[in-house]
Amino acid sequence: MTRSFTMDKPDERRRLDAMAQGVIGKPLSRPDGPLKVSGTATYAAEYDIEGAAHGVLVRAPRFGTLTALGREAAEVMPGVLGVFSSDEFLRNPAQGTADEAPVQGTRDIAYVGQQVALVVAETFEQARDAAYRMELEIEGTGGAVDPEAVEPERQDDETVDQGDLDAAMRAAAHSVDQVYRTAGHAAAAMEPHAAIASWDGGKLTLYGSYQMLNFNKNELADSLGIDVEDVHILSPFVGGGFGSKLGISQEAIAAAVAARGLGRPVSVVMTRQQVFEGIMRRSETRQHVRLACDENGVLTGLGHESLVSNLPDEPFAEPVPQSTHFLYGGENRKISLDVARIHRPAAGSVRAPGEAVGMPVLENAMDELAEAAGIDPVELRKRNLPDCHPEEDIPYSSRKYAECLEEGAKRFGWADRNRTPGGLREGEWLIGHGMAGASRVNQTGEAAARVTLHRDGSATVATNMTDIGTGTYTVLGQIAAEMLGLPFDKVRVELGDSKDPDGPGSGGSWGASSSGSSVFIACEGVREKICEALGCDEGDLTLKDGDAIHGNTRTPLSDLLDADIEVEGKYEPGDTAEAYVQAGYGAYFCEVAVNRFTGETRVRRMLGVYAAGRILNEKTARSQCIGGMTWGIGTALTEELAHDPRDGHIVNHDLAEYHVPVNLDVPALDVVFIKERDDAACPLQSKGIGELGFCGAAGAVVNAIYNATGVRVRSYPATLDKVIAGAA
Amino acid sequence: MQTRLTVNGEEAALDLDPRTTLLDALRHHLKLTGTKKGCDHGQCGACTVIVNGRRINSCLTLACMHDGDAVTTIEGLGTPGDLSALQQAFVDHDGYQCGYCTPGQICSATAMLAEARDGWPSVVTDDLTGAPALSREEISERMSGNLCRCAAYSNIVDAISEVAE
Numbered sequence: 001m002t003r004s005f006t007m008d009k010p011d012e013r014r015r016l017d018a019m020a021q022g023v024i025g026k027p028l029s030r031p032d033g034p035l036k037v038s039g040t041a042t043y044a045a046e047y048d049i050e051g052a053a054h055g056v057l058v059r060a061p062r063f064g065t066l067t068a069l070g071r072e073a074a075e076v077m078p079g080v081l082g083v084f085s086s087d088e089f090l091r092n093p094a095q096g097t098a099d100e101a102p103v104q105g106t107r108d109i110a111y112v113g114q115q116v117a118l119v120v121a122e123t124f125e126q127a128r129d130a131a132y133r134m135e136l137e138i139e140g141t142g143g144a145v146d147p148e149a150v151e152p153e154r155q156d157d158e159t160v161d162q163g164d165l166d167a168a169m170r171a172a173a174h175s176v177d178q179v180y181r182t183a184g185h186a187a188a189a190m191e192p193h194a195a196i197a198s199w200d201g202g203k204l205t206l207y208g209s210y211q212m213l214n215f216n217k218n219e220l221a222d223s224l225g226i227d228v229e230d231v232h233i234l235s236p237f238v239g240g241g242f243g244s245k246l247g248i249s250q251e252a253i254a255a256a257v258a259a260r261g262l263g264r265p266v267s268v269v270m271t272r273q274q275v276f277e278g279i280m281r282r283s284e285t286r287q288h289v290r291l292a293c294d295e296n297g298v299l300t301g302l303g304h305e306s307l308v309s310n311l312p313d314e315p316f317a318e319p320v321p322q323s324t325h326f327l328y329g330g331e332n333r334k335i336s337l338d339v340a341r342i343h344r345p346a347a348g349s350v351r352a353p354g355e356a357v358g359m360p361v362l363e364n365a366m367d368e369l370a371e372a373a374g375i376d377p378v379e380l381r382k383r384n385l386p387d388c389h390p391e392e393d394i395p396y397s398s399r400k401y402a403e404c405l406e407e408g409a410k411r412f413g414w415a416d417r418n419r420t421p422g423g424l425r426e427g428e429w430l431i432g433h434g435m436a437g438a439s440r441v442n443q444t445g446e447a448a449a450r451v452t453l454h455r456d457g458s459a460t461v462a463t464n465m466t467d468i469g470t471g472t473y474t475v476l477g478q479i480a481a482e483m484l485g486l487p488f489d490k491v492r493v494e495l496g497d498s499k500d501p502d503g504p505g506s507g508g509s510w511g512a513s514s515s516g517s518s519v520f521i522a523c524e525g526v527r528e529k530i531c532e533a534l535g536c537d538e539g540d541l542t543l544k545d546g547d548a549i550h551g552n553t554r555t556p557l558s559d560l561l562d563a564d565i566e567v568e569g570k571y572e573p574g575d576t577a578e579a580y581v582q583a584g585y586g587a588y589f590c591e592v593a594v595n596r597f598t599g600e601t602r603v604r605r606m607l608g609v610y611a612a613g614r615i616l617n618e619k620t621a622r623s624q625c626i627g628g629m630t631w632g633i634g635t636a637l638t639e640e641l642a643h644d645p646r647d648g649h650i651v652n653h654d655l656a657e658y659h660v661p662v663n664l665d666v667p668a669l670d671v672v673f674i675k676e677r678d679d680a681a682c683p684l685q686s687k688g689i690g691e692l693g694f695c696g697a698a699g700a701v702v703n704a705i706y707n708a709t710g711v712r713v714r715s716y717p718a719t720l721d722k723v724i725a726g727a728a
Numbered sequence: 001m002q003t004r005l006t007v008n009g010e011e012a013a014l015d016l017d018p019r020t021t022l023l024d025a026l027r028h029h030l031k032l033t034g035t036k037k038g039c040d041h042g043q044c045g046a047c048t049v050i051v052n053g054r055r056i057n058s059c060l061t062l063a064c065m066h067d068g069d070a071v072t073t074i075e076g077l078g079t080p081g082d083l084s085a086l087q088q089a090f091v092d093h094d095g096y097q098c099g100y101c102t103p104g105q106i107c108s109a110t111a112m113l114a115e116a117r118d119g120w121p122s123v124v125t126d127d128l129t130g131a132p133a134l135s136r137e138e139i140s141e142r143m144s145g146n147l148c149r150c151a152a153y154s155n156i157v158d159a160i161s162e163v164a165e
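Protein chains in written order, with my numbering: chain B, 1 to 728; chain V, 1 to 165.
By construction, these hints were calculated from the structure, which means they are not laboratory data. Beta carbons are placed, not taken as given, at the ideal position from N, Cα and C, and that holds for glycine. Heads up, some of the hints might be wrong.
[Unchecked claim] The following label-pair restraints were derived from C-beta to C-beta distances:
#1 Glu-528/B / Glu-115/V: 57 to 63 Å
#2 Ala-114/V / Thr-42/B: 45 to 51 Å
#3 Gly-427/B / Glu-115/V: 55 to 61 Å
#4 Leu-60/V / Thr-42/B: 38 to 44 Å
#5 Thr-420/B / Trp-120/V: 38 to 44 Å
[Stated by the list, open to error] Covered by chain V, according to a simulated footprint, are these stretches of chain B (three or more residues, beta-carbon under 8 Å):
#6 179–191
#7 438–450
#8 464–476
#9 689–702
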C-alpha cells in the first residue's frame, strides 16, 4: 500500500503532539552510536571485497589540453594492472540534485588538480608509486583565475531592483556603505571521498560515500551510459558531507571504469589533497552592502550586491543574498548576484550555501548601522522585522526571530556588556562582545519511505535516505516509534541503500523534515490498518508501548496482527512552499579575547538560540548547532582557501594549511531552542537545523572583535595581520 | 618484510611491502578498519592508535618499524555490546556526528588520560610539579591533535571530563 501527501496547506493537526509514546523530541542517544565508537560502522572504502585492486587518481598539474597521458612509465611498475582514462571521467562532481552526469572528459583540463587518470595496482603502495610516474603532456594556456578581473554573468533569479536605493542612501539619517569579502571554504569532511566498484555482468555495485542516493544513482548511471536499474549504491555510513558528497564524484566513475576494464573490483580513495582540489569549494565572495535608516533605526533602503565565481558551464552560484531578500525591511532594495567564470576549481554547495557567508556580512553591516544610529544591535534588528516578505507580498509561516534575540540577550547578559570599543582589558587581552542573527531558508523535497510493522510488534523503516552524522537513523526511528506507539528500540531504521524507496537525500537541511514526513505518512497508513483490524476510528486509537488501546481494551500489537503491515509513504512539497516565507531563525552572542600585541582572537564563550519548528531530537539537534557555531568560528578566524594568482590552484590543499577549528579553538558552547511549531513547513511542524546554527555565526565573532578592539575587519577570516593592521 | 605485531592482544605475522604504513597494515592487511584514514599526513588524528601505551598517528609510521610492538586499536578498547567507559561516554554525550574521527578521538583520549595520570604536563598546565587537573582547557589542548569537522568538540570534552572524574 502507498499513501501520499502533498504539503498544499498548513497541517494544523499537529499529530505528533497527540501521540502517547512520548519519544519525539527527546534527547535519545543515536542507535548507531555503539558502532561508531567501536570502529565497527563500515564506511565506503572499508568493505572487504574479494579480489579488489587499488586505484590512485592522477591530477593534472596545470590547465590546458591533455594531449598524451604518458602512461608507459607507470604501466611497467610492479603490480600495476592498468592505467585508465576515458570520456566518462568527470571534470568535477555533479552539483547537488543534478540527477544527471556533470561535465565529462579528460581532454580539456579546466582547473589545476583536475583528475584525468586512474592507476590501478594489486596494492595501494604500488598504485601510489606508479601514479607519481605518470608523465602527462598538456598543451596550451588557461584562462582567467581572478574573479575580479573578468566581466561576470548576472543571476537574474536573484536580482531585485525595487524603489530607489541611491536616493534612500542620500536621504538616510544613518547609513552604511561598505564592501566586504569572504574567503573560499573547503567542506573538509573527515572521510575522504572513496568508492569500491564491483561489476556482475552489466550490473554495478558501488560502495560509496554520498549524501543523495536518490540523485546519485541517476548521476552514476548517466555518467556511465547504463540504466539506473543496473546501478546499486550503498552508503549506510558517510564520514561527513557538508555538501561535498551531494553529487556523484570522480572516484566513483574512475573505479567503475577500471573495474569494468579489469573484470575485478577496484577501490579508489582520494588523497586529502585530491579532495581539496577535485571536490567542490565554496566560492570566495565580494559583497557590497548598503543600509539606510531613519532617525529611529528603521531601514529605508537595503543593498546587497555580490560577486562569486565558478568554472564555465557549472550551474551553481553561491546564493549569497538568500536570506537578505526576506530577513529585514527597507522598501528601496537592490540585490544582485554575479558569477565570474574563472578557472579555479569547481565551486558548489558547502554547508549552508548562501547564508554561510551572506549572513555574517549582513550582520556585520547591521552592527555598523547600529553604531552609526546609536541603537542597541538587538533593538535595531527587532525594529526591522517586516510584516510580510519585503519583495513579494507573502506572509511568514512562523518567525520567532525576535524571541531568539530577546532570549539570547537575557541569557548572555548582553545588557551588561562594555559598549566602548577597546574599553575592556584583562592584561594583554582585550575583551569584546558581539551578536548576530541567524537565518536559513527552509525547504523540503520529495521523499518516500517504507514502514513495516511486523507481527512481533517491532517495526522497520527503509529508505535510501542517508545519515551523514546528522542523526537520520535516530530521528526517523523516533518518528516511527511515536506514531506507532513503540519503544524506540523496537524500531529498526535502514538507510543508504539505493534500492530502497527514494528519500530526499541529505542536503539543504531538508532531510529530517522531508524524510521524516514520508515516515510519518507511512505510519498514518499503518495506523489506518490497525483501526481496520480493531474496527475503530483513528480518533479513538491510542498506540503506546506496543499496545493498541481503544475504548476499554488494550491489545498487544503482536496479538492483533496476523501479518506484517507494510506501507510506503510519499511526501511532496506543495503550495505552502510558495505561499509562505519559510525559514529557521536564531541569534548568536559571543565573547572574545583579542591579544593586544599579536592580534590573536580566542572565543571565550558563545551562545546560540534557535527556532526551527519542532525539534525532533534535542541531543542531535544541539549537536548540529554546536557544529555550526564551530564552523562560524572557523569562518571568522581561520578558514581560507588560498589560490595561486598565476594559475588559480589551491595552495593550502590539506588540513595542515587549511585551518579548520581544533578542540582548543572552541569553548563550551551553549545552545537553546525556542519552542515552535511551523504548520506550513511540513506535517511534523519541523524546519531544517543542520545549517541554521552556522548562518551568521561568524558575524557575531567579528562584531565581538570590533567591540574588543575598535577594528572593523571586513575581509574574512579576521586573521591576526588584519586585526593588528586595523589597530595600528 | 616480515613484521610481527601484537594487535589488541593477538599475535599477527605480516609480510609487507616496506612502504606500508602501520595504518594501511591495520586497514588493508589485518582488516581492522576501525582505524581511519583522514589525511595520511599526520594532520587530522583520525588514525590514532596506541602503540606500547603511547598514542601515535599510525599514518606517519611504517609497519615494519613496529616489529614486536603492542598495538591497541579502537577494536581493542571495546565492542558494541561491551563498550569502554569512554566509548559509552561518547555515546551518552553525542561526542561525534558522522563517526569517522571517533575511533581516533577515543584512542587518543584513552592514552591522554593515562598521560595525565602519569603527571605529563601540557602547554596550558600552570603548575608543573603536581599531577595536572584535567580542566576543560587541559582536555581541549591535549585533544587538539584530533580534528572533528562535524565539530563535536564541546561534547567530546564533556564525555572525556565525565570519565576523567
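Outcome of the hint check:
no. : hint                              : result
1   : Glu-528/B / Glu-115/V: 57 to 63 Å : holds, 59 Å
2   : Ala-114/V / Thr-42/B: 45 to 51 Å  : violated, 29 Å
3   : Gly-427/B / Glu-115/V: 55 to 61 Å : violated, 30 Å
4   : Leu-60/V / Thr-42/B: 38 to 44 Å   : violated, 25 Å
5   : Thr-420/B / Trp-120/V: 38 to 44 Å : holds, 43 Å
6   : 179–191                           : holds (count 5)
7   : 438–450                           : violated (count 0)
8   : 464–476                           : holds (count 4)
9   : 689–702                           : violated (count 0)
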